[in-house]
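Enquirer: If you want the building blocks of each chain, they are given just below.
Protein chains: 2
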Amino acid sequence: MQIIGTSLNRVDAKEKVTGQAKYTGDLVSPHALVAKVLHSTIANGMVKSFDLEEAWKVPGVIDIVTCFDVPDIDFPTAGHPWSTEKKHQDIADRKLLNTRVRFYGDDVAAVIAENEIAASQAIRKIKVTYDEYMPILSVESAMKPGAMAIHEERPDNVVVHSNYEVGNFEEAIEEPDLIKIEGDYQTPIVSHCHIENAFSFAYMEAGKIVVVSSTQIPHIVRRICSQALGIGYGDIRIIKPYIGGGFGNKQDALTEPLNAFLTTRVGGRPVKLEYTREETFACTRTRHAMQFHIVSYVRKDGTFAARSIDAYSNQGAYASHAHALVANAVNGFRMMYPVGAIKGNAYTVYTNMPTAGAMRAYGIPQIAFALEAHVDDIVNKAGFDPLEFRKKNMMQLGWVDPITTITCHSTGLSECIEKGDAYLNYTKKRKKYAKQSGPIRKGVGMGIFCYKTGVYPISLETSACRMLLNQDGSAQLQMGATEIGQGADTVFSMMAAETLGFTMDKIHILSKQDTDVTPYDTGAYASRQTYVSGMAVKKTAESLKKKILEFAGTMLDKDAWDLEIQDNQVVHKNQDKPLISVAQVAEEACYSLTHSNHIAAEETHHCSDNTYSFGTCFVEIEVDIPMCQIKVLDIVNVHDSGRIINKQTAEGQVHGGMSMGLGYGLTEFLKFDPKTGRMLNDNLLDYKLMTALDTPELHAEFVETVDPTGPYGNKSLGEPPIIPVAPALRNALLNATGVAIDSIPLNPEKLFFAFEKAGLFN
Amino acid sequence: MQIIGTSLNRVDAKEKVTGQAKYTGDLVSPHALVAKVLHSTIANGMVKSFDLEEAWKVPGVIDIVTCFDVPDIDFPTAGHPWSTEKKHQDIADRKLLNTRVRFYGDDVAAVIAENEIAASQAIRKIKVTYDEYMPILSVESAMKPGAMAIHEERPDNVVVHSNYEVGNFEEAIEEPDLIKIEGDYQTPIVSHCHIENAFSFAYMEAGKIVVVSSTQIPHIVRRICSQALGIGYGDIRIIKPYIGGGFGNKQDALTEPLNAFLTTRVGGRPVKLEYTREETFACTRTRHAMQFHIVSYVRKDGTFAARSIDAYSNQGAYASHAHALVANAVNGFRMMYPVGAIKGNAYTVYTNMPTAGAMRAYGIPQIAFALEAHVDDIVNKAGFDPLEFRKKNMMQLGWVDPITTITCHSTGLSECIEKGDAYLNYTKKRKKYAKQSGPIRKGVGMGIFCYKTGVYPISLETSACRMLLNQDGSAQLQMGATEIGQGADTVFSMMAAETLGFTMDKIHILSKQDTDVTPYDTGAYASRQTYVSGMAVKKTAESLKKKILEFAGTMLDKDAWDLEIQDNQVVHKNQDKPLISVAQVAEEACYSLTHSNHIAAEETHHCSDNTYSFGTCFVEIEVDIPMCQIKVLDIVNVHDSGRIINKQTAEGQVHGGMSMGLGYGLTEFLKFDPKTGRMLNDNLLDYKLMTALDTPELHAEFVETVDPTGPYGNKSLGEPPIIPVAPALRNALLNATGVAIDSIPLNPEKLFFAFEKAGLFN
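Listed in order, the protein sequences are those of chains A and B. Just so we're aligned, residue 39 is where the first sequence starts under the numbering used here, counting upward by one. Just so we're aligned, residue 39 is where the second sequence starts under the numbering used here, counting upward by one.
Don't read these hints as lab results, they were simulated from the structure. Be aware that one or more of the hints could be misleading.
The list cannot tell twin chains apart, which means a pair is met if one copy fits it or any two copies do.
As the list claims (entries may be wrong) - Derived DSS-like pairs: lysine-lysine, alpha-carbon spacing no greater than 25 Å straight-line:
#, residue 1, residue 2
1, Lys52, Lys246
2, Lys685, Lys611
3, Lys246, Lys54
4, Lys788, Lys713
5, Lys246, Lys550
6, Lys550, Lys60
7, Lys246, Lys60
8, Lys470, Lys419
9, Lys470, Lys246
10, Lys182, Lys466
11, Lys467, Lys52
12, Lys86, Lys713
13, Lys163, Lys469
14, Lys163, Lys124
15, Lys709, Lys685
16, Lys615, Lys182
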């Protein structure tokens with residue numbers, strides 16, 4: 039490998055730091071109309087009527103659309119590939135604007151006006167009459183017999199209930215001398231907090247609706263818009279410029295379907311629909327709050343005999359990604375320690391909360407918190423070594439998941455654990471910190487995880503790529519896969535250069551996706567792109583190279599199979615001497631008077647495999663007991679993500695995930711008024727996101743395996759770094775104080791009550 | 039044929055009439071800086087120095103660039119495909135800004151400012167010191183021995199001199215009893231007068247220079263910009279939105295290379311460079327003025343024994359398309375009447391006039407005026423029937439040009455002549471009008487032409503096309519070939535629908551070209567696109583259809599070769615019963631869980647053929663002798679352009695060409711100050727373009743042949759309609775008055791002197 043594995047600056051670095059990079063907001067026509075959405079001020083009810091008289095009087099108002107004016111079409115919003123099988127399709131449970139209001143902030147009307155002020159004024163002047171019902175905010179109240187149905191189609195408010203059993207659980211727990219350990223764990227609703235709010239603008243051109251949007255999934259958004267409006271896919275065009283983060287929130291259709299509809303109301307004039315920070319918090323998607331009840335039966339030799347989990351996921355008002363997340367969580371429960379009998383049971387439940395959707399690591403941070411907390415409870419109670427216990431029970435090379443058939447093609451998890459232990463001197467410190475007293479105490483903690491790469495076989499994994507040879511011997515690289523800040527464009531460019539035998543400066547990646555011309559790809563999620571789309575890059579580069587060498591062969595009167603490309607030069611295989619440059623081949627191919635040929639390649643990769651990546655977090659903290667404060671002294675994530683394509687961007691991913699994991703573990707949660715269901719901290723002042731000042735020095739380490747199924751030996755890396763941080767923190771707190779807190783965030787309020795209960799203030 | 043041959047509205051009709059269609063000006067960023075060019079106020083000389091002091095003081099000026107600041111690179115501007123053979127390459131004879139000034143209006147400096155006013159003010163405040171030389175405006179003065187060299191590399195000012203001889207001319211003219219007829223003919227410099235002026239804007243993105251431009255030839259402009267700036271093709275990106283006409287002026291790099299350079303001076307900020315109407319007239323390109331001396335030796339049986347031509351073409355200041363036009367003219371002289379010995383001799387000469395470039399029909403309106411005037415002189419002097427004489431001598435089916443090898447694959451010219459004669463009752467009227475007196479007289483005239491289709495074998499003919507199957511069974515059609523108002527998008531869509539078996543609503547053509555993603559095509563010129571690019575559409579549609587049917591075959595468990603598509607349905611060949619819809623195939627191809635495949639096709643057509651189209655104009659006029667006015671009473675063009683793809687748009691082309699031909703024959707010419715070389719009528723008030731009020735009812739008729747080399751039996755149509763109009767008018771005037779005027783336009787001034795000389799006022 040010449041380029042894969044080196045440490046390169048991002049291909050978009052210069053553009054982004056100089057402000058040249060164009061985001062949705064930079065592309066809005068100066069003549070665009072402005073749309074604003076009226077969100078419901080009740081969490082559960084029915085719109086009876088609107089009084090629009092005062093709103094219409096606001097100068098500059100062009101149109102007012104209410105939930106009584108939109109197409110009577112229920113559509114799904116989840117950023118999943120579509121399925122032609124009805125039972126695998128996402129749940130279609132909302133309209134462009136909703137008469138049946140299901141959360142505080144539901145979309146009930148929209149105004150299009152000449153400018154922002156007029157639109158906002160008109161929104162404020164719309165009067166709505168509701169039939170109001172009691173908000174149902176928790177899973178418990180939603181599942182209570184006789185609870186009101188939030189969606190008619192689900193009278194019990196259960197979106198989906200699923201369960202599995204591996205081995206015979208009831209038999210397994212009959213084994214004598216088992217230690218039974220039980221626990222309840224809870225994770226909070228949190229917000230993605232991407233820098234760029236939900237934002238799109240839409241217009242009509244050539245009879246088509248064009249939506250420019252800050253999305254992770256342009257091709258999927260096209261499908262959803264066409265379904266929501268009841269028109270052909272070919273009549274919708276989605277353009278995705280650079281985006282200011284998504285973290286899964288933009289793996290959903292957010293403003294796009296309504297915006298697509300609004301432009302049709304004004305004859306195709308451009309309509310801008312930019313959510314405020316408050317709307318982005320309250321009216322887009324959240325991370326699912328989950329509750330887990332885990333029971334483990336452990337043998338005295340430190341192996342699991344049996345384990346069971348009951349999981350409850352608070353879906354909020356609309357299905358969005360629905361059960362996929364808690365299903366992923368309970369599957370992850372099985373996969374991490376695939377020994378003994380295992381039983382999983384999961385519910386996804388509608389409530390009158392904001393809709394939960396995809397968020398980085400898709401259910402796994404939730405389960406990892408619960409499971410790794412639970413494992414530390416086991417080792418503490420039974421006196422096992424936490425690292426040895428994990429190593430003994432965790433997934434091993436060659437393991438095949440009996441349910442999904444996903445195989446462990448490679449694992450470096452043991453080395454990850456050893457590297458983390460060595461980095462932090464964990465084993466020694468853990469013992470040392472076990473018996474402290476006084477107000478300031480230290481602790482170390484850790485947690486591990488496994489994570490799949492993409493969504494096969496649950497769902498379709500497909501990706502296409504196109505390359506064009508420019509006349510100067512450089513290549514255009516056109517991906518359906520999306521750059522969402524994670525560095526995808528950089529690694530795709532490296533992959534293309536590697537396979538083509540080009541230098542990096544000869545690869546021109548097109549960052550902007552345009553569904554009219556961009557090859558199909560489902561988009562950025564599930565840490566799938568380097569694995570699935572990376573293979574599409576590899577196949578397309580191979581196809582392009584073959585065509586280049588065939589043309590070169592005719593120029594050189596040599597067999598193409600005997601030629602290779604090295605550093606932009608055509609050479610004999612296994613010889614370095616340049617025969618002709620790719621630039622010369624390209625020029626001749628374009629301008630030959632006898633057989634011009636515009637060399638391009640376009641290939642689909644249909645992916646029928648999956649693989650696990652692994653990792654661990656080791657953290658050392660200082661706990662100020664009187665102040666109920668945790669200070670992170672040192673933290674390291676060690677990842678096995680197969681071969682690392684680009685060290686620099688890989689570290690960036692890990693740092694970002696660790697920062698997010700620290701927030702998840704320590705500070706972040708969304709707070710709601712228990713009476714109305716209104717979100718109370720819907721902004722970056724009141725929502726306690728980690729800032730640069732809050733964040734300690736972050737350390738990222740890698741154990742490089744070479745996965746045989748990855749295009750370049752690589753496997754998932756994008757999402758995983760968030761996963762092990764919260765349980766490591768919780769376990770460090772346990773080590774420091776002996777207090778096991780089984781819900782996050784571990785904020786001062788929670789620590790206060792836990793410490794008080796544990797008598798630490800005495 | 040289901041769709042080819044029907045009469046459909048343009049696919050862009052609605053967008054264009056509603057104002058939704060986006061042109062370059064609609065896409066300029068509101069934050070764009072504004073550039074203005076300082077044009078020389080002398081026609082021949084050398085810039086000695088600039089005084090920029092006052093210009094820099096204008097508030098809002100960002101940068102001033104002079105001819106001393108630009109790269110020392112000579113580049114060509116002609117919109118020809120490049121040639122890897124040096125001798126076939128266009129002449130590189132200008133820089134981005136020129137120190138050696140060669141015409142009144144040459145580019146010597148540019149200002150970039152925050153707004154239009156500041157840029158214009160600063161331009162006015164730049165003081166230039168020149169070394170001034172005598173302007174050389176005519177071919178005669180440029181070729182005079184001892185004349186100053188306008189370009190050092192051409193000391194005799196002859197850009198190119200070429201000649202040919204077919205048969206043995208000297209021997210042929212020795213045949214006894216030949217009638218020798220001789221004439222001198224002149225055509226004027228005229229302007230394209232496209233509605234949208236020369237206009238581009240440029241910025242940098244992702245390290246690339248992006249130029250959005252009103253051009254006919256985006257891929258060629260990319261190559262020229264890269265040559266002008268000395269950077270790789272891959273580092274330049276050209277975007278071509280809808281354009282407001284070009285007529286050949288935009289088959290040249292105009293503002294783009296300088297604009298590409300200017301944005302690099304301001305860190306990639308967007309820079310708009312919009313020429314005014316006056317600049318577009320004086321500083322872009324013109325149609326070559328040509329002078330011809332023709333000698334014919336005719337047998338008494340009405341056949342040519344020998345013909346010779348000497349042609350002189352006034353190139354103006356820079357080579358641009360250079361000799362290609364007069365070479366085309368003298369080749370056309372041979373091709374139209376390919377009997378007897380023929381001798382051609384042609385000069386292209388630099389002068390200090392504005393640069394002449396491509397314009398509709400590329401030298402053929404010039405030669406057709408001369409030749410068809412000359413033929414009417416022959417028939418009048420020798421007493422032949424004008425139609426019979428032409429039919430006897432004109433190109434016949436199967437004829438192969440001995441020089442270019444272009445073959446007459448189809449001809450309907452005889453029927454065209456008969457149809458025109460019948461329409462106007464020409465033969466009868468011609469006799470009737472031959473002997474009139476009085477101040478108001480009528481006359482009929484006609485002329486014929488032949489016209490090639492594309493540029494093979496003189497130059498490269500290549501075109502690529504890409505199609506993508508959308509998930510709803512519609513297809514994206516992506517062309518490198520350009521819509522420039524001529525209706526290309528409509529006929530390409532029809533071709534795609536025809537070959538795919540789709541209905542028209544299932545074809546989504548992408549009108550905007552973007553060299554980063556658009557398949558290669560040389561662009562809109564030489565009436566090549568329906569013939570060359572049309573074949574690329576056909577090949578690509580066949581390839582896409584094959585892939586669709588292969589996928590359908592696996593779904594239906596049938597052999598693909600036995601399937602066909604009709605009306606968006608997959609059917610058994612020769613059976614109408616739908617088996618499955620293309621929409622179902624497309625959806626399954628996209629979402630199959632076992633073998634998803636993003637169906638796309640991309641094909642190059644390397645064209646190695648050419649074919650002739652033919653036509654004629656018949657016109658009846660009324661001449662007011664005292665007023666020296668010509669009024670067109672009736673006019674018809676009859677064309678053999680092979681199979682007509684779309685009657686409606688074909689008629690549109692013919693009407694547009696006829697209107698342009700009327701202006702060329704009657705009113706248009708550019709006037710220059712003989713001392714300074716300054717253009718005097720550089721605007722639409724003083725330049726006498728035909729307006730709607732000046733234009734009579736225009737009649738278009740077709741004789742449909744099926745050309746065996748055209749993708750759908752079609753051949754050139756875009757340019758030809760202008761060709762036969764001017765000679766028909768001249769011959770009608772001759773019929774009406776007996777006065778043969780051998781230069782155009784036939785405006786009152788010219789008629790006055792000719793009538794006076796002929797004694798018509800006596």
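Enquirer: Give a verdict on every hint.
Expert: Hint-by-hint comparison with the structure:
Proximity of Lys52 and Lys246 under a CA criterion of 25 Å is satisfied inter-copy only: 12 Å between copies versus 34 Å inside one chain copy. Taking the shortest alpha-carbon separations for Lys685 and Lys611, neither the intra-copy value of 29 Å nor the inter-copy value of 56 Å comes in at or below 25 Å. With identical chains, the CA atoms of Lys246 and Lys54 are at most 25 Å apart between copies only, with a shortest distance of 14 Å across copies and 31 Å within one. Only within a single protomer do Lys788 and Lys713 lie at most 25 Å apart by alpha-carbon distance; the minimum there is 22 Å, versus 93 Å between protomers.
In this assembly of identical chains, Lys246 and Lys550 lie within 25 Å of each other by CA distance both inside one copy and across copies; the values are 19 Å within and 14 Å between. In this assembly of identical chains, the alpha carbons of Lys550 and Lys60 lie at most 25 Å apart whether taken from the same copy (9 Å) or from different copies (20 Å). Proximity of Lys246 to Lys60 under the C-alpha cut-off of 25 Å is found in both arrangements, the shortest distances being 23 Å within a copy and 14 Å between copies. With identical chains, the CA atoms of Lys470 and Lys419 are at most 25 Å apart within one copy only, with a shortest distance of 18 Å there and 121 Å across copies.
Taking the shortest alpha-carbon separations for Lys470 and Lys246, neither the intra-copy value of 68 Å nor the inter-copy value of 58 Å comes in at or below 25 Å. Within a single copy, Lys182 and Lys466 get their C-alpha atoms no closer than 49 Å, and across copies no closer than 100 Å, so neither meets the 25 Å cut-off. Neither within a single protomer nor between protomers do Lys467 and Lys52 lie at most 25 Å apart by alpha-carbon distance, with minima of 43 Å and 75 Å respectively. Taking identical chains as interchangeable, the C-alpha atoms of Lys86 and Lys713 lie at most 25 Å apart only when both belong to the same chain, with a minimum of 22 Å there against 83 Å between chains.
In the homo-oligomer, the alpha carbons of Lys163 and Lys469 never lie at most 25 Å apart, since the shortest distance is 64 Å inside one protomer and 82 Å across protomers. Taking the shortest alpha-carbon separations for Lys163 and Lys124, neither the intra-copy value of 42 Å nor the inter-copy value of 72 Å comes in at or below 25 Å. In the homo-oligomer, the alpha carbons of Lys709 and Lys685 never lie at most 25 Å apart, since the shortest distance is 38 Å inside one protomer and 67 Å across protomers. In this assembly of identical chains, the alpha carbons of Lys615 and Lys182 never lie at most 25 Å apart, being 77 Å within a copy and 55 Å across copies at closest.
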